[in-house]
Amino acid sequence: MNKILEVKNTEKSYKENKAIHNLSFDVYEGEILGLLGPNGAGKSTMISILSTLLKSDAGEINVFGYSLMSHTNHVKSQLGIVPQEIAIYEDISAYRNVAFFASLYGLQKSELKRRVHDALKFVGLDDKENELPKTFSGGMKRRLNIACAIAHHPKLLILDEPTVGIDPQSRNHILSSLKQLKEMGTTIIYTTHYMEEVEEIADRIVIMDKGRKIAEGTLHELLERYKDTLIYRLYIQGLTLDIENQLRMIQGVENIERLEDSLTITISKKEDIFHKIILLIIQENCHITKMEMEEGNLEMVFLELTGKKLRD
Amino acid sequence: MMKGFYTLFKQALCQLLTPATLTIFLIFPSVLTFLMGFLFDGLYNTTLVSSYDFYGVTMIVFIAMMGATVPANIFLEKHLKSGNTRIFYSPVSRVSIYMAKILACFVVMSLCISINMILFQVTSFVNLGGSRISYVILLMGAFVLFLILLSTALCVTIHSEELTNVIISNSMSVLGLLSGIFFPIASLGDFFEMIAQFSPMKWTVDCLFQIIYDGRSEYYWWIIFGLVVLSLLLLMIVHRNYRPDDYI
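From first to last, the protein sequence lines stand for chains A and B. The first sequence runs 1 to 312 under our numbering. The second sequence runs 1 to 248 under our numbering.
Hints in this document: simulated from the structure, not taken from any laboratory. Do not rely on the hints blindly, as some may be mistaken.
[What the hints assert, rightly or not] Derived PhoX-like pairs (lysine-lysine); straight-line CA-CA distance at most 25 Å:
no., chain 1, residue 1, chain 2, residue 2
1, A, Lys270, A, Lys227
2, A, Lys128, B, Lys78
3, A, Lys121, A, Lys182
4, A, Lys141, A, Lys227
5, B, Lys81, A, Lys134
6, B, Lys78, A, Lys55
7, A, Lys113, B, Lys3
8, B, Lys78, A, Lys134
9, B, Lys78, A, Lys109
10, A, Lys55, A, Lys128
11, A, Lys128, B, Lys81
12, B, Lys3, A, Lys128
13, A, Lys121, A, Lys141
14, A, Lys113, B, Lys78
15, B, Lys3, A, Lys109
16, A, Lys155, B, Lys3
17, A, Lys141, B, Lys81
18, A, Lys109, B, Lys10
[Claimed, not checked] Partial list, computed: chain B residues near chain A (C-beta under 7 Å):
no., residue
19, Ser82
20, Arg86
21, Pro91
22, Val92
23, Ser169
A virtual CB, placed ideally from N, CA and C, is assigned to each residue, including glycine.
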C-alpha cells in the first residue's frame, strides 16, 4: 500500500509543557487510522500540526510525498479537516457554508453546485440546505462540519473527535459515513478517546498518551496479548474485602478490580475456573444481581501500558 | 491565488454589509451632524461656518474613528471566529486572508463615508469645499486606511477582539476630544493643545478645514504621505503577527 502520510520525530511544546514527544507514525492509502488516547494525550495538537494551524518544533511531516512545511498549499488542497470545534458560520445557510469553503479549493459554477449538493446529501442535510446552522442541533452542526471538509473530495480526511457531545443517532450516521468514504477511496485519520469507535471503524490504531505513541497496530495485533483472556463483571450483594481476597487467590485469576458492589475479574481462557468463582460467592452467602462478560479490549491495552483508564 | 482572494473578499464584504454596519456608517453621520449642529447652532457664525458645517466634518471623522472597531470584529469576533478557522485549512495564503478582510473593511467604510460627504455637499447640508471635495474624500480615505490598519495591527498583536474594542473605542474617544471634534481644543488649555499637535486625528481634522475654507493646505500631501507610511508600518505588524493559532 502507498504511504501517503509520514510523521517523523515530531515535537511540539507550549512554553514548558511538552505536548508532543518524538512522535512518528505512517498512514497508508485507503485506510482508516485511529488515533486513540485520553484527553490531553496530544491528539488535537497533532491534528493542528497536520492541518497547519500549528508548526511543529522539530521533526518532518510528508504528505503525498511533499513536505508539509515547504509545499503547504499543495498539501492543503488535498486535505479535508474536521476539527473538534465546529468550524462553520452560523449566520449563513448550510449550502452557503459548504459552497464558500469548497470554492476556496478552486471549485466553481456547476461543479461547485454539484459537489455542495452531494456533500450535504452525504451527511443527510440535503433537506436543510437553506436553513441557518444556528437552528441546528449539535449533531447536525457536526455533520455540516464534515460536509464542509469533504465537498472538495480530499484524498486525506482528518477528523478530530467528531462525535463529542452528540446524540447516538448522529454518531452512528457519522461512523457509517466514514466507512462509505473509505470505500470510495478516501484515506482517513480519526482521533477519539472512545475505544468503541476505533474498534468499529479503524484498520490500524495508534495509541497516544502524554504526547507519546505507546502502541501501534491493527486491533487484532493490539489485542493479541488478550486473546486468551476473558473479563467478567459481577454485581454482588454482600460483597466484602475478605471475599475479594479469596477470589484473588484462585489460580487463573489474573486481575480483580472493585468498584463499590461490583468486581471486574480478568481470567485466563486456558483455566476453566469460572465455576470456582461462582461457587465461592455462593458459599459466602452472597447474591449475584447482574453479570456481564467481555473479551480483551483497547481499554485493557491502555490500562496495561499506562496504568490508568482511557476515560476517567 | 487571486480566485481565493476574491472569494475571501466577497465573503468579508457580506459579513460587513449588515444593517448595524450600514446604519453606523450611512445613517449616523447625518444624525450626529444634525444633532450637534442643532444643539450648538448659536455658537457659530452662520454666514462663514455654521455649526452644521463644523460638525458635518468632525462627526464624519468621529464616525470613522469609532468605526475602527470593525476590523477587530471581522478578524476575531466569536461568531465569525469558528468559520474563520476553517479558512486556514484551505490552500489560500495567510496574506490573502488578512488582505481580503482589510480591503473589505476599507471599501465599505470609505465608500459609506464618501457617500455621506457627497450627499452633504450636493444637498448643501454641509460645506465640504465644493469643487475641492475630491481632496477631502482622498484625505478621508487615507485616514480610514490608517484607522483600519491600526485596529487590525492591535487586534492581531493582542489576540483578543474584546480587548481591542475596549482599547480602540476608549482611545478614539480621548483622541476625538483632543482633536477638537466636539469643541475647540484651545478651550482645554495650552497643555492639551500642545498634546493634540501629535495626534494624526488632529492633523486630519485641521487639514480638512484648511482644504474646505482656505482652498489649500501646505501640509495636505505630507499628511497623506504620513498616513500612508504609518499604514504601511502597521501592515508590516499585521503581516508579522497574524497567525493561524489565534484561532485555536
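Hints and how they fare:
1. With a CA separation close to 11 Å, the supplied pair lysine 270(A) and lysine 227(A) stays within the 25 Å bound.
2. For the hint linking lysine 128(A) to lysine 78(B), the alpha-carbon distance of about 24 Å falls within 25 Å, and the restraint holds.
3. Distance hint between lysine 121(A) and lysine 182(A) is fulfilled; the C-alpha atoms sit about 17 Å from each other, no more than 25 Å.
4. Of the supplied pair hints, the one linking lysine 141(A) and lysine 227(A) is violated, its CA atoms being roughly 40 Å apart against a limit of 25 Å.
5. With a C-alpha separation of about 14 Å, the suggested pairing of lysine 81(B) with lysine 134(A) holds against the 25 Å cut-off.
6. In summary, the hint linking lysine 78(B) to lysine 55(A) is supported, as the alpha carbons are separated by about 24 Å, within the 25 Å threshold.
7. Using a Cα cut-off of 25 Å, the hinted pair lysine 113(A) and lysine 3(B) holds, with the two alpha carbons roughly 17 Å apart.
8. Annotation: proposed proximity of lysine 78(B) to lysine 134(A) holds, straight-line Cα distance about 13 Å (limit 25 Å).
9. Only pairs whose Cα atoms come within 25 Å are accepted, and lysine 78(B) paired with lysine 109(A) is rejected, the gap being roughly 31 Å.
10. A hinted pair counts as satisfied when its Cα atoms are at most 25 Å apart, and lysine 55(A) with lysine 128(A) does not qualify at roughly 37 Å.
11. Distance restraint check for lysine 128(A) and lysine 81(B): the Cα-Cα separation of roughly 23 Å lies within the 25 Å cut-off, and the hinted pair is therefore satisfied.
12. This hinted pair does not check out: lysine 3(B) and lysine 128(A) have alpha carbons roughly 28 Å apart, beyond 25 Å.
13. Between lysine 121(A) and lysine 141(A) the CA atoms are separated by roughly 14 Å; this keeps the pair inside 25 Å, and the hint holds.
14. Taking the CA atoms of lysine 113(A) and lysine 78(B), the gap is near 29 Å; set against the 25 Å cutoff, the hint is violated.
15. Using a Cα cut-off of 25 Å, the hinted pair lysine 3(B) and lysine 109(A) holds, with the two alpha carbons roughly 13 Å apart.
16. With a C-alpha separation of about 22 Å, the suggested pair lysine 155(A) and lysine 3(B) falls inside the 25 Å cut-off, and the hint holds.
17. A hinted pair counts as satisfied when its Cα atoms are at most 25 Å apart, and lysine 141(A) with lysine 81(B) qualifies at roughly 15 Å.
18. In summary, the hint linking lysine 109(A) to lysine 10(B) is supported, as the alpha carbons are separated by about 16 Å, within the 25 Å threshold.
19. With a cut of 7 Å, the hint placing serine 82(B) at the interface with chain A holds, because the nearest CB-to-CB distance is about 5 Å.
20. A least Cβ separation of about 4 Å between arginine 86(B) and chain A falls short of the 7 Å threshold, and the interface hint therefore holds.
21. The beta carbon of proline 91(B) is positioned within 7 Å of a beta carbon in chain A (closest approach about 4 Å), and the interface hint is therefore held.
22. Hint on valine 92(B) holds. Least Cβ distance to chain A is approximately 6 Å, under the 7 Å limit.
23. Annotation: interface hint on serine 169(B) violated; nearest CB of chain A at approximately 23 Å, more than 7 Å.
In this structure, the earlier hints numbered 4, 9, 10, 12, 14, 23 are contradicted, and the remaining ones agree with it.
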